[in-house]
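**Q** The whole structure should be built from the sequences, with the hints applied where relevant.
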Amino acid sequence: MPEPLPIVVATVIGICIGVTLMFLHTPEYVHEAQNARRDSVKFSFNADQSSVESPTSIVNSPSGKALGIEEATHRIQRLTRLHNEKLLSDDEFNAARNVDIGATQASSAANDRKQQKYGFYLHVFKSAPAVIYQVRQIRKYFGDAPIYIMSDGGDSFHGLCQEYKCKSKVCPPANDRWHPWPFFRRMYDAALALNTEYLIMLEPDNTIHREIRVEPDKDAGGLADMNPHFGTPIIEHCTAKAQKIKPDFKWEYTGSGLAGGSYFRTAAILDAFSDEALAEMDWDFFLKHDSHRVFSSDFAMPLALSLRGYTYGPWKDIRQVDVGDIMSIQPKEAAFQHYGRGVPGGKPTYRLMIENHTDDALFEQPTKLYNYYKVTCHLCWNLTLYVERYNTTDCASRIPFTYPEGKYIAPAEQKPPSLYPFAD
Numbered sequence: 001m002p003e004p005l006p007i008v009v010a011t012v013i014g015i016c017i018g019v020t021l022m023f024l025h026t027p028e029y030v031h032e033a034q035n036a037r038r039d040s041v042k043f044s045f046n047a048d049q050s051s052v053e054s055p056t057s058i059v060n061s062p063s064g065k066a067l068g069i070e071e072a073t074h075r076i077q078r079l080t081r082l083h084n085e086k087l088l089s090d091d092e093f094n095a096a097r098n099v100d101i102g103a104t105q106a107s108s109a110a111n112d113r114k115q116q117k118y119g120f121y122l123h124v125f126k127s128a129p130a131v132i133y134q135v136r137q138i139r140k141y142f143g144d145a146p147i148y149i150m151s152d153g154g155d156s157f158h159g160l161c162q163e164y165k166c167k168s169k170v171c172p173p174a175n176d177r178w179h180p181w182p183f184f185r186r187m188y189d190a191a192l193a194l195n196t197e198y199l200i201m202l203e204p205d206n207t208i209h210r211e212i213r214v215e216p217d218k219d220a221g222g223l224a225d226m227n228p229h230f231g232t233p234i235i236e237h238c239t240a241k242a243q244k245i246k247p248d249f250k251w252e253y254t255g256s257g258l259a260g261g262s263y264f265r266t267a268a269i270l271d272a273f274s275d276e277a278l279a280e281m282d283w284d285f286f287l288k289h290d291s292h293r294v295f296s297s298d299f300a301m302p303l304a305l306s307l308r309g310y311t312y313g314p315w316k317d318i319r320q321v322d323v324g325d326i327m328s329i330q331p332k333e334a335a336f337q338h339y340g341r342g343v344p345g346g347k348p349t350y351r352l353m354i355e356n357h358t359d360d361a362l363f364e365q366p367t368k369l370y371n372y373y374k375v376t377c378h379l380c381w382n383l384t385l386y387v388e389r390y391n392t393t394d395c396a397s398r399i400p401f402t403y404p405e406g407k408y409i410a411p412a413e414q415k416p417p418s419l420y421p422f423a424d
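In the working numbering, the protein residues as written are 1 to 424.
Please note that the accuracy of each hint is not assured.
Simulated crosslink set (DMTMM-like; lysine to aspartate or glutamate; CA at most 25 angstroms straight-line) [unchecked claim]:
1. K218 <-> E333
2. K165 <-> D359
3. K140 <-> E333
4. K347 <-> D325
If you are wondering where the hints come from, they were derived from the structure by calculation, not from laboratory data.
**A** As structure tokens, this is what we get:
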């Protein structure tokens with residue numbers, strides 16, 4: 001006998017309410033993971049289409065049109081997901097992935113007069129006088145070039161950017177210079193925000209002396225340093241991976257040097273520093289054949305670039321100022337200077353002071369929450385803990401990472417703070 005209509009209606013309403021409540025109580029980062037999973041199966045690379053395309057149609061889709069940087073990057077990311085899930089063969093993946101993002105970017109630039117050649121990414125923590133000095137120097141020598149300031153849980157420079165027309169963001173503290181998962185993501189986000197042909201990364205210990213006179217001739221360029229170069233096993237490993245993408249690739253300069261004052265081609269950042277590319281890096285192998293220095297940004301970036309077939313090397317428009325033999329391999333003068341720990345009296349930008357009370361309004365101290373969770377450890381990246389503390393995956397790779405056995409160093413245990421709400 002059919003159920004009375006009111007009972008059926010009540011049952012349907014109850015199910016709908018239950019599903020809605022489940023969705024509302026699902027953490028944001030779970031939704032992100034679910035959306036990423038759906039994107040690996042359902043996708044459309046053409047902005048004017050709303051249809052669902054198959055893996056085959058993605059591979060065969062026209063790549064000659066001038067895709068925007070973000071659109072081309074999403075194409076690469078989705079192809080990578082398909083390949084990881086065995087929905088594309090190696091040959092299909094490599095053929096499709098060889099879309100020339102650089103050509104796409106150049107074509108887009110030709111049609112977009114607002115895009116500039118250089119944009120500046122300031123990777124900072126505190127050191128407000130140094131950051132204010134750098135922004136003023138950029139405006140002096142580079143006019144209205146785009147500026148993006150990212151603070152790793154430190155000072156906020158919203159006031160500075162209001163006055164000098166730049167963008168600023170305060171990310172949760174992660175000591176990201178030792179943790180590629182937040183470091184790469186933040187640089188990736190900066191590249192998207194700047195939308196320039198090249199990104200110049202500055203750190204608070206850089207000084208700026210003139211305009212750029214030595215044009216970039218590689219995908220990235222930085223300091224001539226004297227750190228030991230990567231060994232043969234790592235060179236062979238990265239070269240073999242890169243040649244699957246670019247058969248003629250040769251890793252020529254095998255050192256480091258990509259510190260503050262370095263330039264990066266935006267197209268290289270959006271490929272080599274993506275969440276998916278980072279997840280494919282074999283950290284067990286790198287640790288076995290090198291040391292824990294591979295997690296430092298100065299060494300992780302050359303590895304990531306080389307794995308994708310991008311070139312880098314010393315740039316004649318940045319010089320290291322220090323004591324000892326390193327000065328013999330530096331250019332006599334340059335647009336940017338980086339300072340070593342041996343400089344008599346210390347790094348000059350760290351000795352700067354706020355010049356007047358007006359400058360006090362250009363920055364704000366870290367929030368109480370970020371001050372509470374200070375992160376100074378190395379090899380302690382933990383996405384789960386990051387989400388527990390800050391209730392977000394913003395400014396970090398959404399793909400979890402597990403350190404090789406015995407290498408993870410758990411940060412000091414801290415009970416949740418008792419003072420709520422925290423000031424913004």
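**Q** Would you mind marking each hint as holding or not holding in the structure?
**A** Going down the list of hints, with the structure as the test:
Our distance criterion of 25 angstroms between C-alpha atoms is met by K218 and E333, whose separation comes to about 20 angstroms. Of the pairs offered as hints, the one joining K165 and D359 holds, with about 15 angstroms between alpha carbons and a cut-off of 25 angstroms not exceeded. For the hint linking K140 to E333, the alpha-carbon distance of about 18 angstroms falls within 25 angstroms, and the restraint holds. A hinted pair counts as satisfied when its Cα atoms are at most 25 angstroms apart, and K347 with D325 qualifies at roughly 18 angstroms.
In this structure, every one of the numbered hints holds.
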